[in-house]
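Engineer: Work out the full structure, taking the sequences as your base and the hints as a guide.
Protein chains in written order, with this note's numbering: chain L, 1 to 336; chain Y, 1 to 122.
No wet-lab data here; the hints were simulated from the structure.
Positions of the beta carbon are idealized from the N, C-alpha and C atoms, including for glycine.
All the pointers check out, no bait thrown in.
Between beta-carbon pairs, the in silico distance windows are:
#, chain 1, residue 1, chain 2, residue 2, range
1, Y, 114, L, 23, 19 to 29 angstroms
2, Y, 12, L, 310, 54 to 64 angstroms
3, L, 259, Y, 22, 53 to 63 angstroms
4, Y, 41, L, 316, 39 to 49 angstroms
5, L, 46, Y, 115, 23 to 33 angstroms
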Amino acid sequence: MKKLLAIVSAALMLVSCGSVPEQKHTRTLFCMDTYMTLTAYGDKADEALRSACDAMEILDEEWSVTNPNSEIYAANHAEGKTVPISEETEHIIKFAKEISQQTDGALDITIFPVLQLWGFTTDNYRVPDDSEIQKLLESVDCSKIIADNGSLKLPSDMMLDLGSVAKGYAAKAAADVLKMNGIKSAILDLGGNIQTIGLKPDGSEWNIGIRDPGADGIVGTVSVEDRSVVTSGGYERFFTQDGVTYHHILDPKTGKPANNGFASVTIIGEDGVNCDALSTSLFIMGPDKAEEYWKQQGGFDYIGITDSGELILTKSIADSFKLDSDHMGVKMTFVE
Amino acid sequence: MIRSQKFWAAVCAVIFAGSLIWCIVLLTMKPGDTVTITQDGKTLYTIDLSKEPDRTIEITYEGRKNIIEIKGGRVHILEADCPDKVCVNTGWLTAGIPIVCLPNKLVIEYADNDTGLDAVAG
Numbered sequence: 001m002k003k004l005l006a007i008v009s010a011a012l013m014l015v016s017c018g019s020v021p022e023q024k025h026t027r028t029l030f031c032m033d034t035y036m037t038l039t040a041y042g043d044k045a046d047e048a049l050r051s052a053c054d055a056m057e058i059l060d061e062e063w064s065v066t067n068p069n070s071e072i073y074a075a076n077h078a079e080g081k082t083v084p085i086s087e088e089t090e091h092i093i094k095f096a097k098e099i100s101q102q103t104d105g106a107l108d109i110t111i112f113p114v115l116q117l118w119g120f121t122t123d124n125y126r127v128p129d130d131s132e133i134q135k136l137l138e139s140v141d142c143s144k145i146i147a148d149n150g151s152l153k154l155p156s157d158m159m160l161d162l163g164s165v166a167k168g169y170a171a172k173a174a175a176d177v178l179k180m181n182g183i184k185s186a187i188l189d190l191g192g193n194i195q196t197i198g199l200k201p202d203g204s205e206w207n208i209g210i211r212d213p214g215a216d217g218i219v220g221t222v223s224v225e226d227r228s229v230v231t232s233g234g235y236e237r238f239f240t241q242d243g244v245t246y247h248h249i250l251d252p253k254t255g256k257p258a259n260n261g262f263a264s265v266t267i268i269g270e271d272g273v274n275c276d277a278l279s280t281s282l283f284i285m286g287p288d289k290a291e292e293y294w295k296q297q298g299g300f301d302y303i304g305i306t307d308s309g310e311l312i313l314t315k316s317i318a319d320s321f322k323l324d325s326d327h328m329g330v331k332m333t334f335v336e
Numbered sequence: 001m002i003r004s005q006k007f008w009a010a011v012c013a014v015i016f017a018g019s020l021i022w023c024i025v026l027l028t029m030k031p032g033d034t035v036t037i038t039q040d041g042k043t044l045y046t047i048d049l050s051k052e053p054d055r056t057i058e059i060t061y062e063g064r065k066n067i068i069e070i071k072g073g074r075v076h077i078l079e080a081d082c083p084d085k086v087c088v089n090t091g092w093l094t095a096g097i098p099i100v101c102l103p104n105k106l107v108i109e110y111a112d113n114d115t116g117l118d119a120v121a122g
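Structural biologist: Now the structure itself:
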């Protein structure tokens with residue numbers, strides 16, 4: 001009898017030690033011109049992830065600049081006529097116009113024709129003449145877009161591209177779907193555009209690396225709960241001609257690759273759409289204007305890496321940020 | 001009585017020593033060297049970089065080509081015949097940053113992640 005008790009209690013101890021962790025589910029997909037990895041925890045996570053992927057694929061179909069069935073393609077080829085758009089398309093265009101105004105034109109979703117001129121849309125890269133750029137810049141002004149009551153009107157000489165805000169919106173939409181399905185813990189990686197839900201299943205914060213714009217690997221790690229972490233940098237898509245490197249983030253004021261002092265900017269905030277739009281905007285602004293903008297608007301944190309490799313970060317994120325062991329000597333400036 | 005006590009003491013010692021060795025083995029093992037190469041969701045190669053000799057792998061997709069190079073326990077895309085070269089520009093594979101060739105739906109990434117990183121923004 002004693003033996004039996006001992007065996008039973010030993011078995012109980014073993015079972016209690018190995019508490020079952022929440023089930024991890026992962027889905028990957030190619031969507032919005034990027035590779036996405038979505039991970040969620042819980043019994044219903046697989047089903048929820050499938051719905052989240054569906055939601056993003058619908059947005060991709062509506063917003064693609066190359067798919068002739070997309071709303072954006074229709075607007076770009078409507079020769080100035082009005083086209084019908086979905087609620088989310090109207091929503092994101094209104095948002096992009098608002099950010100453009102707030103950032104004094106640092107972000108402009110009508111820069112697309114200039115992007116085409118440089119060959120960034122077709123991969124037939126070339127450095128255009130100033131006169132060519134100036135001519136096209138005349139038709140870059142998103143305040144001229146009219147998106148209202150389910151319809152969109154674009155002047156005939158203008159073209160739209162939601163590339164600078166689409167992934168952020170998709171991440172938010174996917175996160176909303178997951179939350180609606182009862183998911184409490186998830187991490188969505190939309191090609192380096194990161195959205196987290198809640199905490200990790202073990203109750204700790206998510207550790208998000210910040211990519212080193214000048215080398216392989218990361219410069220440091222930021223720990224977050226229920227936040228978006230989005231980085232913009234010129235290192236991903238670029239070409240080199242006569243020893244000069246030209247990247248794909250164009251400054252709407254000059255029509256040329258933004259060259260105002262930042263190699264990358266990471267935004268940490270609650271709203272994925274806002275983070276996506278602001279990472280591009282602050283990258284284009286450069287360190288001084290970015291700081292000024294943050295002081296005026298606030299509501300988010302940022303980590304900027306300058307062309308010379310220095311870090312500029314908001315004081316409020318400093319405690320959550322850890323430098324990578326290879327970057328211990330890096331100069332850090334805090335903004336507050 | 002004393003003999004049986006000695007016996008149990010020896011058994012405990014053996015178990016203790018065994019678990020200690022096992023702990024050391026677990027702690028010093030270098031996981032996270034396994035890399036998967038997938039195309040359009042299908043796994044083409046699973047490679048343990050710590051054991052793989054230096055070599056190149058050529059992968060074609062709809063007539064287009066990527067050349068993957070494994071060298072000194074690291075992996076990168078050496079050549080691609082797409083014009084944008086994003087996959088080549090990504091450089092050597094690091095944890096959390098998959099190497100992706102979008103036109104050819106090719107992805108190289110670590111199979112398991114032991115770096116403590118949940119994702120990399122960039």
